[in-house]
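Trainee: With chain A held as given, fit chains B and C with the ligands onto it using these hints.
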Amino acid sequence: MFQNNREGLFLALPAAVFTGLLFLLPVGFLLAEAFKVEGSWSLQGYIDFALKPLNQTVFLRTLKLGFFVALLSAIIGYLCAFCIINLNDKSRGRVFGLVILPLMISPVARTYAWIVILGRTGIVNDALIGMGLLDTPIRILFTETAVFIGLLQLFLPLMIISLVSAMENLPKDVIAAARVLGANWFQVFTKVILPLTKDGLVMGGTLVFTGCLTAYITPAILGGSKVLMLETLLYQRVNVANDFISAGIIATILIVMSFSANQLLKRIASARQ
Amino acid sequence: MNSKLASRSIIVITLLFLIGPFGIIILAGLSAGDFMTFPPDGISLKWYAKVFEVKSFRASFALSMFLAIGGTIAALLLGIPAAYAISRYKIPFAETIKTIVAAPIIVPGIIVGLALLRYLVVPLNFTVTIALFLAHTALVLPYAVRVVSSSLNNLRSDMEEAAVLLGCSRVGAFIRVVLPNIRSGVLAAFILGFVTSFNQVPVSLFLSGPGVRTLPIDMLSYMEMTYDPSVAALSALLAFLSVAIVFIAEKFLGFSRYV
Amino acid sequence: MSNSILSLKKLNLAYNKTVVVPDLDLDVREGELIALLGPSGCGKTTTMRAIAGLMAPHSGTIHIDGKDVTRMPANKRGIGLVFQSYALFPHLNAFENVAFGLRLKKLAETEIKSKVEHGLQTVGLAHLATRKPAEMSGGQQQRLSLARSLVMEPKILLLDEPLSNLDARLRLDMRTELQRVQRETGVTMVFVTHDQSEALALADRIVLMKDGLIEQIGTPSELYNRPRTKFAADFFGFENIFKISGNALVGDAGSLQVSYQVDAEYLAWRPSAVTVGNGSYNGKIVGVAFAGEHIEYVLETLLGQITASSPAAERKFKVGETIKFDLPLASGFALYP
Ligand SMILES: Nc1ncnc2c1ncn2[C@@H]1O[C@H](COP(=O)(O)OP(=O)(O)OP(=O)(O)O)[C@@H](O)[C@H]1O
Ligand SMILES: [Mg+2]
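Residue numbers (the working numbering), protein chains in the order written: chain A, 1 to 273; chain B, 1001 to 1259; chain C, 2001 to 2337.
This is chain A alone, in the form it adopts within the complex:
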């Protein structure tokens, strides 16, 4: 509308300069640091990092957890989204509010609850022993299962939100039309719903996957040092060993993975057309 572009630049620059100088620059330094070994530029840091078995395990575990949490939330997400959009307006608003609610609550509180549930004397163990299925409590806390459950609970709402808004934008009655044309539910899903909601799926998938990659509290509380993920590994490397090279490398990995996940999902989505 307004043609005075210098004025516009003047309004937008403070935000950009602020983030650029005080945020991106220091982060850039940190990333660059990983390429410096004893004062000279080299990839040695990366090579050393890649060769350590622990790092490999943690890297693969993070990928694996991220992938499966995203996959399961997509499945649950579609089921839920489909149920939610079929509600009447009033209950839809309510359910939607309840889905969003956990996002607003401190992740510390959200994760802490799982200790009470999954712990040695937690609800699950008590219940299993009470039913006579177990003699002694099993360890659930500090296993990948615990981290998986925690992450799923943390990020499922993001997937549901993305899919619900994608489904709300479906043209009216397409599902009914497909049914009338003779499609079974599986065909309705693969031929109508999936292609039409793929943007929502990409969005939700990216949010969940990158959320899992960069989650700290859940692996820290529910996985501890037994089930390290990249973020907890980073914290440990810095705190225990002052190892800023590893920190920079992990940081780079996290950023690159988040970015590629998004690109990859986009690619897959557009290839399906």
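These aren't lab readings, by the way, just hints derived from the structure by calculation. There's no promise every hint is true.
Here are the simulated DSSO-like pairs of lysine-lysine, each with C-alpha atoms no more than 30 Å apart in a straight line [said to hold, decoys possible]:
1. C:Lys2017 - B:Lys1098
2. C:Lys2009 - C:Lys2230
3. A:Lys198 - B:Lys1098
4. B:Lys1090 - C:Lys2210
5. A:Lys90 - B:Lys1251
6. C:Lys2010 - B:Lys1090
7. B:Lys1090 - C:Lys2076
8. A:Lys64 - A:Lys266
9. C:Lys2316 - C:Lys2284
10. C:Lys2210 - C:Lys2009
11. A:Lys191 - B:Lys1004
12. C:Lys2076 - C:Lys2106
13. A:Lys198 - B:Lys1004
14. C:Lys2076 - C:Lys2115
15. C:Lys2324 - C:Lys2243
16. C:Lys2210 - C:Lys2230
17. C:Lys2067 - C:Lys2115
18. C:Lys2155 - C:Lys2113
19. B:Lys1090 - C:Lys2017
20. B:Lys1004 - A:Lys90
21. A:Lys266 - B:Lys1090
22. C:Lys2132 - C:Lys2105
23. C:Lys2076 - C:Lys2010
24. C:Lys2009 - B:Lys1090
25. C:Lys2076 - C:Lys2105
26. B:Lys1251 - C:Lys2132
27. B:Lys1098 - A:Lys266
28. A:Lys90 - C:Lys2132
Some chain A residues flagged as far from chain B (calculated, every beta-carbon gap over 10 Å) [said to hold, decoys possible]:
29. Leu133
30. Leu134
31. Thr145
32. Met167
33. Val174
34. Asn184
The beta carbon of each residue, even a glycine, is placed where N, CA and C say it ideally should be.
Mentor: Chains B and C with the ligands in isolation, oriented as in the chain A frame:
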């Protein structure tokens, strides 16, 4: 109808999975015993009361409040003009500017904290509090820009032109015509920013000094040392606080469409 | 030119690199009511925005009262604009919308009140003073927008399709209203419309635009009776326009030998100028429409379709009948490219 029942059950089970755990910590915090158990050993409010007596909780709550309110206000002061410029002007490098401002969402928080520690706090003698403030501002900024932008895009720009023709200056038109009409967007951005900042953990992990700790970090370290139900009680209180804020926001702003 | 209140010289208007108005010259005299007429997309709104100062011209100048305002900011020009989209302030009620500009002028509260009330009364909205724009109909919003500009007593009032959303009756009322306001206040008005009858009814002069260029300027009777081009004739109700090629008229479907020869590019007839019932040519009636005092016929002829009309009192024809008709030179109108 059968399918209706199935669909209800799916929703209920999912919600139970998402929200149920909070019910449990609320109850666990009510325990009369000295350890976390469920069901609780008797009922008492002593752990809820204790939360208010722990000194470090009070200090860290105050810090977190300061960061959440101050940081969000700062982010809005930077973000509203930026959002306005992006939606109303054809500025050069608009894409670059958008990318820079949105970057904090992509960069993992823990790295940010570490980077600020190493390159602002240590060499430039910034205090930890300032670094925290800057980090939280930058972190909230993308949300502020996004939410305010979407309100602005829903607002026809000819209103500002009409105001200018009636004698307003550009700034005057913004204050008199634009702001009142994006008020709920700005409020929603504030709440979203507040909640994001208040609950933020990774950024603050490395940014803590003597006596300077955000509440979530304080809770984490308290948990490592003791296993009494006060953390459950505190978690429950925080959950209540968030629920109350979101409930009010939803009621008055239709908050969920901004998330 | 000394008494022209608004003068556009060699105005060139563009969005980025797309030129919408290449070269516009226009002089508006004080107190005049000018209609900017033209098809959708021809650059009417763009021209208005440039006059108001909402977009800077690529080149050319704008003078108001003899003063160059080309670079003057919009809020200093003292021009009123009624937007095509109304552009009302949704957070303010009708009264406050109208009071908006007056408050900026820092007038006394009592003066504001009386001006606003008078303004609302003028457009017939006095009873809705406390309503918000969202609670008003399209036509009411449009009138509110008009009142908001009127109370500012601008030197020049620009109106972008001010009557387009009103029903037929209200539109007539508002036409009269606009003329009355214009007479009373002597304000110079430029209004945009793509309705030729509105332009004819209201304007002192009509500016007919096509693709950002002025096709013809003149009084309503000049444009109505003496259109210069095919485009102008088309716009002002010459429904039968044929190219001339030697001794023949050429239409969409074919050509027709005629007895006359003229030195013009086109010949045009209004429906009423076409003779039906006798003449040298045959046409088949494919449509009959009763239009009050007239009956309109659509004839299928060698030229293609011809629209003719005759007084309702005369003999009527039925669909399917083949009748004689004529396109007499005397009632035809010569057009040049
Ligand atoms: N913001 C813009 N950016 C680019 N092109 C535009 C813009 N606004 C209008 N145009 C183009 O400029 C031309 C003239 O537009 P304008 O709005 O002046 O037409 P108009 O005569 O007012 O039409 P209408 O009767 O439909 O309102 C059109 O071709 C339009 O597509
Ligand atoms: Mg227009």
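Trainee: Within a Cα-Cα threshold of 30 Å, do Lys2324 (chain C) and Lys2243 (chain C) meet the stated pairing?
Mentor: holds, 22 Å
Trainee: Mind checking the alpha carbons of Lys2210 (chain C) and Lys2230 (chain C) for me, to see if they're no more than 30 Å apart?
Mentor: holds, 12 Å
Trainee: Run the distance test for Lys1090 (chain B) versus Lys2017 (chain C): straight-line Cα separation, threshold 30 Å.
Mentor: The hint holds at about 13 Å.
Trainee: Can the restraint linking Lys2076 (chain C) and Lys2115 (chain C) be considered satisfied, given a maximum Cα separation of 30 Å?
Mentor: Since the Cα atoms of Lys2076 (chain C) and Lys2115 (chain C) sit roughly 21 Å apart, the hinted pair holds (cutoff 30 Å).
Trainee: Next pair to validate is Lys90 (chain A) with Lys2132 (chain C); report whether the Cα-Cα distance is within 30 Å.
Mentor: holds, 27 Å
Trainee: Measuring Cβ to Cβ, find out whether Met167 (chain A) lies farther than 10 Å from everything in chain B.
Mentor: holds, 13 Å
Trainee: Between Lys1251 (chain B) and Lys2132 (chain C), does the CA-CA distance stay at or below 30 Å?
Mentor: holds, 22 Å
Trainee: Please verify whether Lys2132 (chain C) and Lys2105 (chain C) have alpha carbons no more than 30 Å apart.
Mentor: Given that 30 Å is the threshold and the Cα spacing comes to 23 Å, the pair holds.
Trainee: Compare the distance between the alpha carbons of Lys2155 (chain C) and Lys2113 (chain C) with 30 Å, and conclude whether the hinted pair is satisfied.
Mentor: Roughly 22 Å separates the two Cα atoms, so the pair holds.
Trainee: Between Lys2076 (chain C) and Lys2105 (chain C), does the CA-CA distance stay at or below 30 Å?
Mentor: Given pair Lys2076 (chain C), Lys2105 (chain C) holds - Cα atoms ~12 Å apart, limit 30 Å.
Trainee: Hint check: Lys198 (chain A) vs Lys1098 (chain B), CA-CA at most 30 Å. Holds or violated?
Mentor: holds, 24 Å
Trainee: Quick check for students: does the CB of Leu133 (chain A) sit more than 10 Å from each CB in chain B?
Mentor: holds, 18 Å
In this structure, every one of the numbered hints holds.
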